[in-house]
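Trainee: Below are the chains, spelled out letter by letter.
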Amino acid sequence: MHTAFWYASRATGIVALLLLTAVLVLGVLVNRQGRLPGLPRFAVTDLHRNLSLLSVAFIAVHIATAVLDTYVHIPLLSAVVPFASGYERLWLGLGAISLDLMAAMIVTSLLRGRLNRVVWKAIHLLAYASWPVAFAHSIGSSKDLQQGWLLVLAIACAAAAAAAIIWRLASAARQVPRAARVSAILSQQTPQSARKQAVTR
Amino acid sequence: MNLKVNPIACTGHGVCAELLPELVTLDEWGYPVIDPGPVPPALDRDARRTIAACPALALRLAKTYR
Amino acid sequence: MTTALDDTANHDTASGGAARQAAAGLPRLLPQVPEDLQAHLSRYGTVPYRGSARGAAARGAAARGRAEARGATGTLIADVEASGLTGRGGAAFPVYRKLAAVAQAKGTRKVAVANGAESEPASRKDELLLRIAPHLVLDGLQLAAEAVGATEAHLYLHAAPGPQILRALAERAARRLDPLPVSITQAPPRFLAGQETALVNRLGGGPALPTFQPPRVSERGLGGAPTLVQNAETLAHLALIARYGPRWFRAVGTEAEPGSMLTTVYRPDHRTEIHEVPVGVPLNALLPADAQAWLIGGYHGTWLPLPEASNLTLDHASLSAFGASPGAGVLAALPADRCGLAEAARITGYLAVESAGQCGPCLNGLPRIAAALAELAGRGHRRQTRADLERWSGLVTGRGACNHPDGTVRFVRSALQVFVPEIDRHARGHCSATSKTPFLPIPDRRPITEQDWI
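Residue numbers (the working numbering), protein chains in the order written: chain B, 1 to 201; chain R, 1 to 66; chain W, 1 to 454.
These are computed hints drawn from the structure, not numbers from a lab.
A portion of the hints provided could be inaccurate.
Said to hold, decoys possible - Below, computed lysine-lysine pairings styled on DSSO-like, alpha-carbon distance capped at 30 Å:
| no. | chain 1 | residue 1 | chain 2 | residue 2 |
| --- | --- | --- | --- | --- |
| 1 | W | Lys436 | R | Lys63 |
| 2 | W | Lys106 | R | Lys4 |
| 3 | R | Lys4 | R | Lys63 |
| 4 | B | Lys143 | R | Lys63 |
| 5 | R | Lys4 | B | Lys143 |
Said to hold, decoys possible - Listed below are several chain B residues computed to face chain R (Cβ distance under 7 Å; list not exhaustive):
| no. | residue |
| --- | --- |
| 6 | Val30 |
| 7 | Gln33 |
| 8 | Arg35 |
| 9 | Pro40 |
| 10 | Arg41 |
| 11 | Phe42 |
| 12 | Thr45 |
All C-beta atoms in this analysis are idealised placements derived from N, C-alpha and C, irrespective of residue type, glycine included.
Sequences and hints are given; from them, build the entire structure.
Mentor: Here it is as structure tokens:
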């Protein structure tokens with residue numbers, strides 16, 4: 001007999017997956033200096049940050065309710081130590097891994113002002129590992145997501161994340177290497193094309 | 001204290017110009033032009049928020065020297 | 001003393017050298033004949049380290065009396081301060097302040113670097129100095145290292161080290177003259193390679209690209225250690241101040257800007273010469289006043305109109321009236337038959353491609369400025385171009401991590417002022433030049449890949 005905690009854990013997990021997908025997409029949007037229609041630039045950065053904190057809240061409830069639920073025994077420790085639960089060891093383990101990666105990102109982002117820029121960025125790149133692992137955890141540990149409209153939802157999240165990641169990789173591949181940037185701008189300078197063009201970085 | 005940008009870190013996101021228009025405008029290529037004077041005390045909190053909001057971590061407060 | 005760059009074999013015998021050097025006059029830095037270590041030590045005496053046994057002996061009462069008569073005091077840094085020596089690499093920063101900053105910085109590891117990478121294609125003085133008087137530079141490096149407490153010493157050069165410098169180091173090693181071994185690092189042929197932070201990056205194994213300051217390299221430089229970076233010529237002067245004292249140094253030059261400096265002079269007949277001159281020498285003693293215009297301070301320098309500037313002297317006080325400064329001593333007299341606009345456009349194009357491309361304003365501004373200047377140097381230009389030039393010049397000044405955009409704008413703005421008549425002529429489709437031969441040197445190789453910066 002599933003308890004209320006059990007359903008709450010499933011529900012908050014699904015919301016967390018949606019939020020994390022949005023956070024990933026927004027993160028790529030920030031990097032690409034993209035805009036959300038009708039909103040100022042700082043809305044993109046603020047939304048990325050605020051939704052990431054909101055997803056932490058949902059994940060906290062997701063874990064707490066899973067631990068409190070008596071239907072299966074899930075020790076609290078298994079939320080951060082991978083593969084420490086008896087129940088669904090693999091899939092919950094992936095959840096723990098994803099959470100650990102997220103914790104590193106959140107902590108370093110909260111301390112951004114005091115950290116070396118390069119260090120912060122390196123850790124923030126863990127996002128590209130954290131999301132797929134979280135997604136695998138979601139699909140693997142929840143029968144709900146493997147059928148019906150929740151499956152459609154899961155596929156939509158995967159598609160959005162994949163699109164964002166492909167966009168990011170393509171931009172990196174297209175990026176003009178530093179040594180070629182000045183030449184790129186010089187070659188744009190013909191009298192006809194003396195418009196404002198900034199080489200993006 | 002003066003608001004300074006690290007021009008190597010700056011990639012021209014332009015968030016600073018939105019959050020602190022009193023001190024920051026964008027040039028025709030999208031890079032910040034910052035008022036060289038000291039940050040007025042009334043804008044101190046806004047300046048700190050702007051520094052925290054820069055996606056490239058390119059802003060800092062520096063002591064006025066030289 | 002003049003050294004024509006094609007003629008390195010002046011065959012005067014260096015007799016009475018020590019007495020001549022101790023006298024106030026010139027030459028101070030450039031010997032008639034390249035000197036080996038033995039000749040160098042005979043002329044100048046041993047390296048006057050303050051902390052060594054020799055130094056202690058020198059601090060006996062009689063020696064102290066002689067030292068005080070020369071105006072020397074207890075420490076080298078104090079002597080350098082009293083001498084008024086400023087950097088000869090272009091920025092003219094007071095040397096004692098850099099020495100003091102590194103000496104006082106926290107850290108057990110400290111680094112001293114002799115910057116022989118003059119980077120400016122038109123400057124040849126450091127190359128000559130290192131070829132015919134390397135021991136002065138190396139003396140200065142060791143003395144400066146001692147003064148700041150450096151634990152490592154480096155020499156930074158544009159080309160692979162020539163036989164002269166290698167022989168000089170070998171001779172010194174054989175005599176155990178140098179407390180610190182000197183590591184040689186090669187700089188890439190980039191305009192910015194000699195910039196302090198770019199130098200530190202290169203010494204650390206990375207590309208010669210500038211980084212943002214603060215922190216200054218004197219606080220956190222190579223490997224995070226406080227780093228002293230001094231131009232090669234500056235160290236040569238320092239080596240002589242250590243021997244002859246501040247009063248000797250101040251015997252030439254002006255009161256506010258004492259001492260002598262090396263200049264690279266480009267004459268209208270295409271002869272290039274290196275002169276050691278007192279600071280404050282009249283420019284018309286070095287450059288003909290009937291040239292079309294003068295360029296003072298190299299490619300980050302200033303074009304000066306003639307005859308208005310013909311009475312200026314080679315010091316900051318005089319040149320600042322025209323917004324100019326001596327820089328690293330590159331002086332050029334543009335022949336009357338050339339197009340000053342074309343010359344300026346060619347050099348600005350070079351400066352643009354030599355941008356590190358790291359800072360948005362410089363990366364976007366300099367190529368546009370260069371293209372606009374090239375348009376002015378062509379036949380007819382759009383009305384918008386001059387306004388664009390002025391706007392872009394204002395936009396890049398002070399907005400880079402180094403002063404490359406500022407120096408370039410100074411060069412461009414002065415050209416736009418001095419060559420106004422030529423601009424108007426070109427606007428109408430004419431040009432007053434009768435020769436298209438380029439005058440000032442621009443290297444052929446443009447930086448294309450990341451490897452060109454290493």
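Trainee: Now, for every hint given, state plainly whether the structure supports it.
Mentor: Each hint, compared with the structure:
no.	hint	in the structure
1	Lys436/W x Lys63/R	51 Å, violated
2	Lys106/W x Lys4/R	25 Å, holds
3	Lys4/R x Lys63/R	10 Å, holds
4	Lys143/B x Lys63/R	58 Å, violated
5	Lys4/R x Lys143/B	53 Å, violated
6	Val30	5 Å, holds
7	Gln33	6 Å, holds
8	Arg35	10 Å, violated
9	Pro40	5 Å, holds
10	Arg41	5 Å, holds
11	Phe42	5 Å, holds
12	Thr45	6 Å, holds
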